[in-house]
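So the sequence lines, in the order shown, correspond to chains S and H. Numbered by numbering that gives the first Met the number 0, the letters in the first sequence go through residues 0 to 93 in order. Numbered by numbering that gives the first Met the number 0, the letters in the second sequence go through residues 0 to 461 in order.
These are computed hints drawn from the structure, not numbers from a lab. Small disclaimer: the values here were computed from a predicted structure and weren't measured. Misleading hints may appear alongside valid ones.
[As the list claims (entries may be wrong)] In silico BS3-like links for lysine-lysine, alpha-carbon gap of 25 angstroms or less:
hint: 1; chain 1: H; residue 1: Lys210; chain 2: S; residue 2: Lys20
hint: 2; chain 1: H; residue 1: Lys210; chain 2: H; residue 2: Lys172
hint: 3; chain 1: H; residue 1: Lys282; chain 2: S; residue 2: Lys28
hint: 4; chain 1: H; residue 1: Lys287; chain 2: S; residue 2: Lys20
hint: 5; chain 1: H; residue 1: Lys119; chain 2: H; residue 2: Lys286
hint: 6; chain 1: S; residue 1: Lys20; chain 2: H; residue 2: Lys443
hint: 7; chain 1: H; residue 1: Lys34; chain 2: S; residue 2: Lys28
hint: 8; chain 1: S; residue 1: Lys20; chain 2: H; residue 2: Lys172
hint: 9; chain 1: H; residue 1: Lys119; chain 2: H; residue 2: Lys443
hint: 10; chain 1: H; residue 1: Lys289; chain 2: S; residue 2: Lys20
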Amino acid sequence: MKTVYLVCATGIATSSMLRVKVLDYLESKGIEVEVFQYRVAEMFPERIKADVIVSTTSMPPEIEENFTVVSGLPLLTGIGEDETFEAIAKALTD
Amino acid sequence: MEAILIQIGELLGSLGPLIVLPVVITILGLILGMKFTQALRSGLTLAIAFVGIFLTVGLLGENMAAIGNAFAERTGTGLDVIDIGWPAASALAFGTPVGNAIIPIGIVLNVLLIFLGLTKTLDVDMWNFWHQAFIGAVVTFVTGSFALGLFAAAVTVVMAIFLADWSQPLIEKYFKLPGISFPHLQSVGYMLLAAPFAWLLNRVPFLKNLKLDPDTIRKRLGILGEPIFLGLFIGVILAALARQSLVDIILTGINVGAVMLLIPRMVGILMEGLSPVADAARKFMQKKAKGREIYIGLDSAVLIGSPAVIASGLLMIPVEIGLALLLAPLGNRTLPFIDLADGVFVTAMIAPLVAGDVLLTVILGGIVMGVGLIGASLLAPAVTDMVASAGSIDIPAGYTNYTVMSDGAIPHSYIFYFFFRSPVFIAIALSLVFLVVHYFLAKKPLTEAFLGVKEEEPKKKK
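All chains, full assembly: derive it from the sequences and hints.
See below:
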């Protein structure tokens, strides 16, 4: 099963908003995933096991360079949601 | 009108949040066009989250109150007020009568402000109305009036929206986030207090040359970014200072770690319940505001990935503890605890005031939190009352006190506390004058030129 990390400042606030929307979307596409929520301050490259990281905040450069990171901001603002969902799905099906 | 409000307040208070919140949220969801089962699921999830939150807040009370009292007695510091942290405080605030009503009020006020052309900010971050609910609860506690609490909460909703407009250009430039603003009373309130000091510090040439490297700090202190380790450290250190037995020292460390992990998990459930309603509200408001130039108002959590914010946020941990001890003779009674984990919310909107200079950000954060600790101490009776009303903690008479460092430190929290200790008409007049000040701030947004920030190489953001 593929793994999705949802990351925000607290690991609970905006990432929980993402959780509902991302899970709904992936379910509708029939993509099964395991989801974990983290705080951005807990992100150390050696410990990450994710197929895609969706983050509502910017990630440290060492993470951006080594992992597939999708900005979750559009899911909060509602502007560009579809593209974001597609990017997440693409990262999980490739 | 007053009489009706009093009755509504009493009714909400007697039913309690477990009944009122799901009803309010379900009805709100239906008005916003959600399907009945969806809306009900949201309301129910919220209520169940509250059950979990109250359970875990009870855990916090039992374990931490003992250590707080021992700490105050054994060290002679007088720090006998425990910081319960924002996750618990947010739930307590939403659970008050003002908190039950705040989300619909916030949405209506925001839509109204946009229609009147008074703001460009469309606040889609329902969650953070809890800060205003908190202030409303404090005012209700001080005055005994639900109506005045509601008034204070409504006024501060408008203030946060005005401050979002005021800070928007600077935040957009620094974080490269176009079209977004931050009506998050906590961070933007800190920013308001820090701004004049930033103006001053940016003109001191010597300070600017002491560069601290954010990446080094982040890597060295990174482990403190994990709540369970931070909880262990803080618990062990404070219990050791309180001269507990070795077993108790270790147990305290584990218990504080538990509190730091468990309460947020419960709050996460609350967020999941709120999320679909917030989404429906956002769509509703965006439809209403169609064709206007707007900023989408978000949680300042979005800003926290920036290395300067994380580094200075981690440095706030020792600074806050040091300040608490240092300011004890000046009236501080707050023992920083759970909110130590979230120094990043202090620094998120302060860092741009000084172009992300870590040292200057920490100095400004220190000023804000120094005043804030004393503010939080003043609010302790109000917070203790909220904790007691939640029914989960037995509070020994006149002894244990609780506060919440993060929200007690928001200037608006202690300013409204002072306002409403005056006679009602003076309090209302002062609130309205303060509101007008915010209006003029919104008209004249903050610029780098005013702050004297030198043009720095901007932060990389994809």
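To see whether the hints hold, each was checked on the structure:
no. : hint                     : verdict
1   : Lys210(H) with Lys20(S)  : violated (41 angstroms)
2   : Lys210(H) with Lys172(H) : holds (21 angstroms)
3   : Lys282(H) with Lys28(S)  : holds (23 angstroms)
4   : Lys287(H) with Lys20(S)  : holds (23 angstroms)
5   : Lys119(H) with Lys286(H) : holds (14 angstroms)
6   : Lys20(S) with Lys443(H)  : violated (37 angstroms)
7   : Lys34(H) with Lys28(S)   : holds (21 angstroms)
8   : Lys20(S) with Lys172(H)  : violated (29 angstroms)
9   : Lys119(H) with Lys443(H) : holds (13 angstroms)
10  : Lys289(H) with Lys20(S)  : holds (23 angstroms)
Taken one by one, the earlier hints fail for this structure at numbers 1, 6, 8, listed in ascending order.
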